[in-house]
Amino acid sequence: MIRAVLGGSFDPVHDGHVALATHLLHRGLADRLVVVPARISPHKNRVHAGADQRLAMVRLAFAHEPRVTVDDFEVNRPGPSFTVDTLRHLVAGHPNDRWCLVIGADHLATFDTWHEPAEIVAMARLLVYTRRGYPASAPASVAADRIVMVEDFHEPVSSSRIRGILAEGAGQVPDLPADVLAFIRAHNLYRT
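Under the working numbering, the residues of the sequence shown are numbered 21 to 212, in order.
Accuracy of the hints is not assured; some may be wrong.
[Stated by the list, open to error] Computed beta-carbon distance windows for the label pairs:
id	residue 1	residue 2	range
1	138	98	20 to 30 Å
2	48	114	10 to 20 Å
3	92	22	16 to 26 Å
4	87	112	13 to 23 Å
Read the hints as simulated data drawn from the structure, not as lab findings.
All C-beta atoms, glycine included, are put in the ideal place defined by N, C-alpha and C.
From just these sequences and the hints, can you work out the full model?
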């Protein structure tokens, strides 16, 4: 079985995240997908919603897809969330499966700066989707057979753009699952 890991701050989770997961599953690039919200991302300066709120929104967004599980490993541990630690945890639970890590081309460009990148690619191949404005070029340290380019998916949705729309108090908020928008409004998130 091929299991793919999609991590992120998901601040908030949006239709682009859901579409990416669905695309990877339908294309057969993964049999199962594990979505892992970060408590504290080492690559982000700050988050706007609390870890438990983001975890709840991710669970709502992916509730309809039985091949997707939401893992709270990073949310429940203190300190920054390093991908290598999360992969070790997940792989230990399913050591006979093949693992992939889903990242955008923007993260591929800086992959060498991640914590223990060699260990990451030893455990998981990289499923890299294109991002506008970022070339899909791999660092020399990552062997070509450890990367699968997902060139037929483009994520035009931006969490920061959605936060801006929510802060303006707009009645309609595009690109958010309905249950996630209801949760955001019920908890008065992203208003400032």
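Fill in: Hint numbers contradicted by this structure
Result: no hint breaks.
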